[in-house]
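**Student:** Below are the chains, spelled out letter by letter.
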Amino acid sequence: DAGVIQSPRHEVTEMGQEVTLRCKPISGHDYLFWYRQTMMRGLELLIYFNNNVPIDDSGMPEDRFSAKMPNASFSTLKIQPSEPRDSAVYFCASSHGGLSDTQYFGPGTRLTVL
Amino acid sequence: RKEVEQDPGPFNVPEGATVAFNCTYSNSASQSFFWYRQDCRKEPKLLMSVYSSGNEDGRFTAQLNRASQYISLLIRDSKLSDSATYLCVVNKERGSTLGRLYFGRGTQLTVWP
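Protein sequences, first through last, are from chains A and B.
1 is the number of the first residue of the first sequence in the working numbering; add one for each residue after it.
1 is the number of the first residue of the second sequence in the working numbering; add one for each residue after it.
Think of the hints as simulated: they come from the structure by calculation, not from any bench.
These numbers come from a predicted model, not from an experiment.
Accuracy of the hints is not assured; some may be wrong.
[Said to hold, decoys possible] Pairs of lysine-lysine residues, derived as DSS-like cross-links and limited to a Cα-Cα distance of at most 25 Å, are as follows:
#1 A:24 - B:45
#2 B:2 - B:45
#3 A:78 - A:68
#4 A:24 - B:42
#5 B:79 - B:45
#6 B:42 - A:78
#7 B:45 - B:92
#8 A:68 - A:24
#9 B:79 - B:42
Using the sequences and the hints given, assemble the complete structure.
**Tutor:** Following this line, the structure appears as structure tokens:
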């Protein structure tokens, strides 16, 4: 079975550019999560969706970040404009039973903003 | 105070050793607890959930102490393949929302031959 799919796996961009990260959750999972991991702050939950509806976006650092889930099989996390401090690994995860259930993580997107 | 705190380690132990990690959480209303494992440059994966009565999965034992607000993970008979970072995860319930997950920074374990 296919797990959570993320693209791209690596992204290098220059400050000020728009970055779009993509995620395809596991089929049948109705929760989707976006995380960011850095050495300094560890793993942080940015936002999560239930049935394509954003439930909690309080972890989104600022207005430069936005996330959408137009359908059950696709989500995007966009950063516009990007800054060097956004450099991190961004993980997408999905689950069937919300926060009390196992979360399956994608392989992550390693973002470097120069 | 951070929501979830862990000793970052690193813990360096020989094969066959028993090692224990602790994690403390700040919100007494927290409802769900987990240990995730993360290999170097890989994604986190669920190791085990933590139940109030404590639970065991092979060489791994997880315990929860609600009164003291800490969670522990015990690994017996360590294997080289246990080398990884172990993340403590807590679901903080909040009002009528579905709660919010908080991850500890992780405890790094290296098992040497």
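**Student:** Indicate, hint by hint, whether the structure satisfies it.
**Tutor:** Now the hints, each set against the structure:
1. A:24 - B:45: Distance of about 17 Å is within 25 Å: holds.
2. B:2 - B:45: At roughly 22 Å apart (the allowed maximum being 25 Å), residue 45 of chain B and residue 2 of chain B satisfy the hint.
3. A:78 - A:68: holds (8 Å)
4. A:24 - B:42: This hinted pair holds, its Cα atoms lying about 18 Å apart.
5. B:79 - B:45: holds (18 Å)
6. B:42 - A:78: holds (22 Å)
7. B:45 - B:92: holds (20 Å)
8. A:68 - A:24: holds (12 Å)
9. B:79 - B:42: holds (19 Å)
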